[in-house]
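Asks: Sequence:
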Amino acid sequence: MKTFAYDVATDVDDAVARLGADPDSALLGGGTNLVDLMKLGAAEPSSLIDVTKLPLGEIEVAGDGALRVGAAVTNSDLAVHPVVRSRYPVLSRAVLSGASGQLRNMATTGGNLFQRTRCVYFMDASKPCNKRNPGSGCPAIEGEHRNLAILGASDHCVATHPSDMAVALTALDTVVDITGPHGQHRVPIGELYRLPGHDPDLDTTIGHDEIVTALEIPALPAGTVSTYRKVRDRASYAFALASVAAVLRVEDGQVTEARIALGGVAHKPWRAITAEGELLGRLARPEVFREAIDLELKAAKPLRDNVFKIPLVRNLVTQTLTELARQEVSE
Numbered sequence: 001m002k003t004f005a006y007d008v009a010t011d012v013d014d015a016v017a018r019l020g021a022d023p024d025s026a027l028l029g030g031g032t033n034l035v036d037l038m039k040l041g042a043a044e045p046s047s048l049i050d051v052t053k054l055p056l057g058e059i060e061v062a063g064d065g066a067l068r069v070g071a072a073v074t075n076s077d078l079a080v081h082p083v084v085r086s087r088y089p090v091l092s093r094a095v096l097s098g099a100s101g102q103l104r105n106m107a108t109t110g111g112n113l114f115q116r117t118r119c120v121y122f123m124d125a126s127k128p129c130n131k132r133n134p135g136s137g138c139p140a141i142e143g144e145h146r147n148l149a150i151l152g153a154s155d156h157c158v159a160t161h162p163s164d165m166a167v168a169l170t171a172l173d174t175v176v177d178i179t180g181p182h183g184q185h186r187v188p189i190g191e192l193y194r195l196p197g198h199d200p201d202l203d204t205t206i207g208h209d210e211i212v213t214a215l216e217i218p219a220l221p222a223g224t225v226s227t228y229r230k231v232r233d234r235a236s237y238a239f240a241l242a243s244v245a246a247v248l249r250v251e252d253g254q255v256t257e258a259r260i261a262l263g264g265v266a267h268k269p270w271r272a273i274t275a276e277g278e279l280l281g282r283l284a285r286p287e288v289f290r291e292a293i294d295l296e297l298k299a300a301k302p303l304r305d306n307v308f309k310i311p312l313v314r315n316l317v318t319q320t321l322t323e324l325a326r327q328e329v330s331e
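The opening residue of the sequence shown carries number 1 in the working numbering; numbering runs sequentially from there.
Possibly wrong hints are sitting among the right ones.
Said to hold, decoys possible - Now the in silico label distances, taken between C-beta atoms and shown as ranges: (1) GLY197 x SER46: 22 to 30 Å; (2) GLN327 x GLY190: 43 to 51 Å; (3) THR3 x SER86: 22 to 30 Å; (4) GLY190 x SER86: 52 to 60 Å; (5) ALA21 x GLU323: 46 to 54 Å; (6) GLY281 x MET1: 26 to 34 Å.
Unchecked claim - Straight line, CA to CA, 27 Å or less: simulated DSSO-like cross-link-like pairs of lysine-lysine: (7) LYS127 x LYS39; (8) LYS2 x LYS53; (9) LYS39 x LYS2; (10) LYS298 x LYS127; (11) LYS53 x LYS39; (12) LYS2 x LYS127.
Hint data in this document are derived by calculation from the structure and do not stem from the laboratory. Don't be surprised by glycine CBs; every beta carbon is placed ideally from N, CA and C.
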């Protein structure tokens with residue numbers, strides 16, 4: 001492991017200043033992803049800025065019913081919070097499916113957003129990888145890509161985003177609070193992540209000298225149901241082959257609201273905008289759900305060994321929405 005400096009940020013502005021002073025620095029929260037990458041040589045920060053002492057560990061319900069989650073809230077506390085469990089089961093289930101209890105106790109909400117891909121070429125410092133070493137190539141395209149992207153990939157990168165939590169937050173239209181050298185601003189989570197394009201080393205639109213301080217999750221309309229489902233190679237804590245975060249509202253048998261985010265299929269949590277639009281005003285039936293996700297999947301460009309993800313996503317989304325529609329009727 002490369003030698004690095006270690007400092008503890010005294011407040012948010014101090015963390016921002018330290019990031020700005022060293023372009024090779026990195027924030028340290030729970031460290032559950034970063035430290036692993038450092039041990040592998042896939043990440044080599046010159047300094048770590050510890051942000052665990054910052055006062056960002058609260059979960060609060062705002063006057064308009066929105067839920068405000070501090071960036072330092074642990075994944076464990078987020079998953080079991082009574083408001084999250086009752087109002088946003090999609091988020092609770094996503095977080096609980098993402099890691100073991102020990103990791104959730106360490107991992108922070110802010111850090112979870114910035115997990116890096118588990119593509120084997122990215123994690124092996126001896127291999128070329130455009131995400132880790134821009135311009136070196138993407139051996140995954142012709143090599144091991146079974147668990148990689150079928151949507152939104154490029155000739156430069158076919159990696160997938162690993163976070164379960166971020167998929168749920170995407171379906172919930174979460175807004176991210178960010179502080180940088182020029183003050184505070186807010187970014188919809190759909191604008192936080194980016195596709196690889198020609199610059200796969202850039203996972204997000206956030207600047208190096210900016211820090212996430214909180215997430216705001218809008219209140220869901222009355223009658224809305226939600227859930228998260230994940231398909232993986234083994235029942236223990238593995239990354240998704242495919243996952244879906246679904247938010248659904250049905251009135252008089254018709255879909256009045258549908259939000260669908262997919263995990264394990266793209267460089268970022270994939271919002272299924274085409275499928276959502278197709279569902280509005282339609283009857284909440286399995287064949288309608290299947291038609292909608294098939295329209296979304298027309299954009300898929302699978303590789304040699306991950307073609308199976310297309311029927312997998314089709315069946316996963318269809319079954320998940322069907323079960324949610326039945327849940328809405330029973331309630």
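Asks: Each hint should be assessed against the structure and marked as holding or not.
Replies: Hints and how they fare:
Between GLY197 and SER46 the beta carbon distance is about 27 Å. The supplied range of 22 to 30 Å therefore holds. For the pair GLN327 and GLY190, the beta carbons lie near 26 Å from each other, so the given range of 43 to 51 Å is not met. Between THR3 and SER86 the beta carbon distance is about 47 Å. The supplied range of 22 to 30 Å is therefore violated. Distance hint check for GLY190 and SER86: the Cβ-Cβ separation is about 25 Å, which falls outside the suggested range of 52 to 60 Å.
Evaluation of the 46 to 54 Å hint for ALA21 and GLU323 yields a pass: the beta carbon distance comes to about 51 Å. Range check, GLY281 to MET1: Cβ separation about 56 Å, and the 26 to 34 Å hint is violated. Distance check on the hinted pair: LYS127 and LYS39 sit about 16 Å apart at the alpha-carbon level, within 27 Å; holds. Taking the CA atoms of LYS2 and LYS53, the gap is near 25 Å; set against the 27 Å cutoff, the hint holds.
Distance hint between LYS39 and LYS2 is fulfilled; the C-alpha atoms sit about 9 Å from each other, no more than 27 Å. With a CA separation close to 32 Å, the supplied pair LYS298 and LYS127 exceeds the 27 Å bound. Between LYS53 and LYS39, the direct Cα distance comes to roughly 24 Å. Compliance with the 27 Å bound is thereby established for this hinted pair. Proposed proximity of LYS2 and LYS127 is supported: the alpha carbons are some 18 Å apart, at most 27 Å.
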